Amino acid sequence: MSGARGDGLVEVGAGDLTVVVGAAVPTSLSLYKRHAELAEDFAGARTDGFSFVAVRDVGDWPRLVVTQRYSPAESGFTPGVLLVPKRRQVFVGAGTRLLAYEAREGTWRRQWEDTAEGGFWQWRRHKNTVLMSAELELAAWTSDGGKLWSTFVEPPWSYRVDGSTVTLDVMGSVRRLALRTGR
Numbered sequence: 000m001s002g003a004r005g006d007g008l009v010e011v012g013a014g015d016l017t018v019v020v021g022a023a024v025p026t027s028l029s030l031y032k033r034h035a036e037l038a039e040d041f042a043g044a045r046t047d048g049f050s051f052v053a054v055r056d057v058g059d060w061p062r063l064v065v066t067q068r069y070s071p072a073e074s075g076f077t078p079g080v081l082l083v084p085k086r087r088q089v090f091v092g093a094g095t096r097l098l099a100y101e102a103r104e105g106t107w108r109r110q111w112e113d114t115a116e117g118g119f120w121q122w123r124r125h126k127n128t129v130l131m132s133a134e135l136e137l138a139a140w141t142s143d144g145g146k147l148w149s150t151f152v153e154p155p156w157s158y159r160v161d162g163s164t165v166t167l168d169v170m171g172s173v174r175r176l177a178l179r180t181g182r
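Taking numbering that gives the first Met the number 0, I'd label the letters of the sequence shown as residues 0 to 182.
There may be inaccurate statements among the hints.
DSS-like, lysine-lysine: derived pairs with alpha carbons at most 30 angstroms apart [stated by the list, open to error]:
#: 1; residue 1: K85; residue 2: K126
#: 2; residue 1: K32; residue 2: K85
#: 3; residue 1: K126; residue 2: K146
#: 4; residue 1: K85; residue 2: K146
By construction, these hints were calculated from the structure, which means they are not laboratory data. It should be emphasised that the depicted structure is a prediction, and the values quoted were computed from it without experimental measurement.
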């Protein structure tokens, strides 16, 4: 892979997957796209931020490239990526857009596109469950991308996971939910 250094890109590996991320358009974006088996570009109605995500699993070049303009992009709304290497699963969040990609059959494909109410905050994995927190939502998926549940929240809010229980605190009102069902 040439031309990728010096663009402010960061590479992180997990298992046999390596993700390359950046908050600006890489100078070698056209090369990334040309070498990818799947390259997707998402525009937003408002384009406050830019996110570059590329996933390499074999070879020198990433086979999955995702770029997107997104909003909101102010403090607290940074893009996020969660890798599940054994499932060959990637979750991407930026602004109000959520994306999932998988390559269990060997070829990368988009599994789904969803929205994060109010703006994406972060992904967290708890064994075989992936939680997504957003300004106005807490949602759960299986580690292979199947949607489990979603619930409305209102800031300030927080949660913690203890075993198979999610303790959700929304404006001082605490409730306990089953991690896999949300009930």
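Tested hints:
| no. | hint | result |
| --- | --- | --- |
| 1 | K85 to K126 | 12 angstroms, holds |
| 2 | K32 to K85 | 25 angstroms, holds |
| 3 | K126 to K146 | 15 angstroms, holds |
| 4 | K85 to K146 | 18 angstroms, holds |
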